[in-house]
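These protein sequence lines are chains A and B, in that order.
According to the working numbering, the first sequence is numbered sequentially starting from 1346.
According to the working numbering, the second sequence is numbered sequentially starting from 11.
Heads up, some of the hints might be wrong.
Stated by the list, open to error - With a straight-line cut-off of 30 Å between C-alpha atoms, the simulated BS3-like cross-links for lysine-lysine are:
| id | chain 1 | residue 1 | chain 2 | residue 2 |
| --- | --- | --- | --- | --- |
| 1 | B | 82 | A | 1719 |
| 2 | B | 140 | A | 1686 |
| 3 | B | 265 | A | 1719 |
| 4 | B | 265 | B | 400 |
To be verified - Covered stretches of chain A, going by a simulated chain B footprint (3 or more residues, C-beta under 8 Å):
| id | segment |
| --- | --- |
| 5 | 1613 to 1620 |
| 6 | 1758 to 1769 |
The hints are simulated quantities; they were obtained by calculation from the structure and are not laboratory data.
Keep in mind the model is a prediction, meaning the values are calculated, not measured.
Ideal Cβ positions, reconstructed from N, Cα and C, are used throughout, including at glycine.
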Amino acid sequence: MFNLTLTELATRLAQGDFSSVELTQAYLDRIKALDSQYNAFITLAADSALEQAKQADELRKKGQVGLLSGLPIAHKDLFCTAGLKTSCGSKMLDSFISPYNATLVERLNQAGAVTLGKTNMDEFAMGSSNESSYYGPVRNPWDKDRVPGGSSGGSAAAVAARLVPACTGSDTGGSIRQPAALCGITGLKPTYGRISRYGMVAYASSFDQAGPMTRSAEDAALMLQVMAGLDPLDSTSADQPVPDYRAHLNDSLAGLKIGLPKEYFAEGLDPGIAQQVQAAIQEFERMGAQVKEVSLPNTELCIPAYYILAPAEASSNLSRFDGVRYGYRCEDPVDLEDLYKRSRGEGFGSEVKRRIMVGTYALSEGFYDAYYRKAQQIRRMIQQDFLTVLNDVDVIMAPTTPQPAFKLGEKNSDPVAMYMEDIYTLSLNLAGLPGMSIPCGQSQGLPVGLQIIGSYFSEAKLLNIAHQFQLATDWHQQSPAGL
Amino acid sequence: MEWETVIGLEIHAQLSTKTKIFSGASTAFGAEPNTQACAVDLALPGTLPVFNENALRMAVMFGLAVNAQIGKRSVFDRKNYFYPDLPKGYQTTQLAEPIVGAGYIDITLDEGDTRRVRIHHAHLEEDAGKSLHEDFHGMSGIDLNRAGTPLVEIVSEPDMRSAKEASAYARKIHAIITTLGICDGNMAEGSMRCDCNVSIRPKGSTTLGTRTELKNINSFRFIERAIETEVARQIDLIEDGGRVIQETRLYDPDKNETRSMRSKEEANDYRYFPCPDLLPVIIDDSYIEAIQQSLPELPDARKQRFIDEYQLSEYDAGVLSAYRPQADYFESVAKRTQDAKLSANWITGELAKHLNQHDIDITASPVSAEQLSGLLLRILDETLTGKIAKTVFEVMWKDGGSADEIIEAQGLKQVTDTAAIEAIVDQVIANCTAQVEQYITAEPDKRGKMLGFFMGQVMKLSQGKANPGQVQGLMKQKLDALI
């Protein structure tokens, strides 16, 4: 049962092989039994999950079936869920129970999904290893001494460990794709604005994008179908039609033009990863794709630009956590300044504070032009680089990460080394483009992710390509030893 | 030394939208604290702003009414600072690309001179909540009902040279925004608030002196007094060898003094940057043109029409056109009575006096335009004397009812019966033998003046109801007959 994909489970529920209550209970039991090894969940929502499952079963009897009726999922703990804690992996929101549902949560609920719980994450989605969580690090199911990646590390580990068939995640600089790669699952970061941000606690508003984390491209298509679409509550959500993502999964790849950016295969890339990605490219060539080398010349500027702009937005977005209305408040503040300083000083962890300080500095009078404005110019150049290349090829393929999963604590003391983890992913967030990571092999016994990048709103094409690859290979079906 | 005063005003006007600028919560004044603050206004994690199109329309109306350029592209920025009544930790406002660009209005001074005051720009922003420092046992209360109320901030050039000019400018802005119906103009409730930037310089100098900012002045009278007080303080300071410090000062109307609130040195660095949650607002010519077509008659045009169409004096036309409900009231009365001068006199006289005394806005006047018209018609057809009409008005103000009902009930109808008047005239002549004797022996050119005494006696005896014209004629005739 636990090796079945979301799509397969949907079929089995429809056939009546088991009920949603049985399925939900089985997953809840499994999480309770195994999650102490991974720490993938912050909150388990057993009662409300069983209630949702019961309701889905009853509706099914009446013939009312949504796309996700009775299917268990989990949410990254930055999506607001009415009645359930939404912590963002932070002490600051350890006591915060949202009175409302995020639009994405609402849509998934409407489609019949059952929420098993909320998954662990780097604090306020800031991190690439899940070590900045107030609730402790998540462990990679492939090697428990290694990180699952971040910031959606709880979601990735939960899917990889078969604790849940699918999760939501969010991606600001690679936070869906990088942990998907490190945990050997399928992750999709859609085009900026494809999925509503309403109710997703903001890290960097012009970068943040929610997406599905699943065991297959087919499942990602199913999830995206429900999650995508215009939301009147989010002014930056895209007013673009939502295609039938599953209708295009089996389109032929003959004649597909793939670009390989030379800057993404340069120094610093793990040889094992390079080899596996090349092998995957050859697989596409066998399917009739044409491959050529392309160039994204401003790649080296991505990290500096991102680490100005994202912290700048974060420094403002996180100002609301002031100890006044909700969330952590220090004990016995003597005055207003003390309330602010201690509530924020005690409520935020070190990586969050680091980014707030960097962002505050970048926006300060006298530095704005040198940092923020300059970084915005670079952002446009990077976007232009991609548009030029995507004029020439249909998709870009590259490794998702330069290294496979690293050891817990390995990069903790060196923030810049940690930031390099996202070197291949955050360029897409700067450009607002969609990208996927799918398993394409192993290096040192650890999963390797292939990144597929497309033009704006080309999610159907990306899912089609990923699905064809998954029909031809079985990397996505590999599971960590002992499961 | 002779000093010249230089004044610039920043006026905040709350726009009369039903809902807030970025949320669906009501903007109504006076509700229980925190009952009109939704998740967005509370800045709950994950919430996002959605721009209220009505606020845009109103700002464009204002821009067109002050001859300004309209920003076809305007951008919302975040102004970052911490304060408990600012829930997000930033105010959403407009800095570099406001909705209303440079414009101007012409003000008329008491002497009848006009002066042009340039408007630098006007921008849209959200209001903050209110901090309440009393009744909380040493703590502060926060009411977020006002948070997110749309404001247009109107920034003038430093074009005013006296306190009187400043208040005339503020009155003109008030007339425009109330005529447009985009603000209720209620200064006591804070719907329109004024900050005055004041500096002095030696007469003839072209450089500006150091300015101070007088905050949140809530009446036209206080604008004048605050500026006069501050100018006197600055002159004293400089003439005593001191210098003006750039700072924010609070005007205390009870003590009639200004005192320091905070100096610029300790001011915040607001770290403005474009709000990534809101798209730039783009409007086209047809949008602007449609609003232009729908603009109501503006105060200047209406004033001119009152002069041309109703032959009102410049002064009366100015007073009546300054406030749209009053101008509407006047036109309603003038149309019914067909006597504009009488209508104007009563509205700026008796009615205004009562409204001021009881601090009632003309829109809530206990005497409606219809009632007042009824009263004036009875003066015009000589049913009432002017004196008795004031008595009828008093009754109308207190107890309501039409003029005819009151006249009937109280027997106040004017006496025009010649026989009845003659009887009273005869009685007065009989009673006042000494005065009659004086009249007869007086120089002929003094007699006209002496007639007033006899008139007064007749009116007294008739309880004011005798027709004054008839009384005068009969009395003169009878007295002259005695000579």
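So, going through the hints one by one against the coordinates:
Distance restraint check for residue 82 of chain B and residue 1719 of chain A: the Cα-Cα separation of roughly 25 Å lies within the 30 Å cut-off, and the hinted pair is therefore satisfied. With a CA separation close to 22 Å, the supplied pair residue 140 of chain B and residue 1686 of chain A stays within the 30 Å bound. This hinted pair does not check out: residue 265 of chain B and residue 1719 of chain A have alpha carbons roughly 51 Å apart, beyond 30 Å. Distance check on the hinted pair: residue 265 of chain B and residue 400 of chain B sit about 38 Å apart at the alpha-carbon level, beyond 30 Å; violated.
Given a C-beta distance limit of less than 8 Å, the hint that chain B covers the segment 1613 to 1620 of chain A is violated, as 0 residues qualify and 3 are needed. Evaluation of the coverage hint for the segment 1758 to 1769 of chain A: breached, as 0 residues show C-beta separations to chain B shorter than 8 Å, against a requirement of three.
Going through the hint list in order, the structure does not satisfy hints 3, 4, 5, 6.
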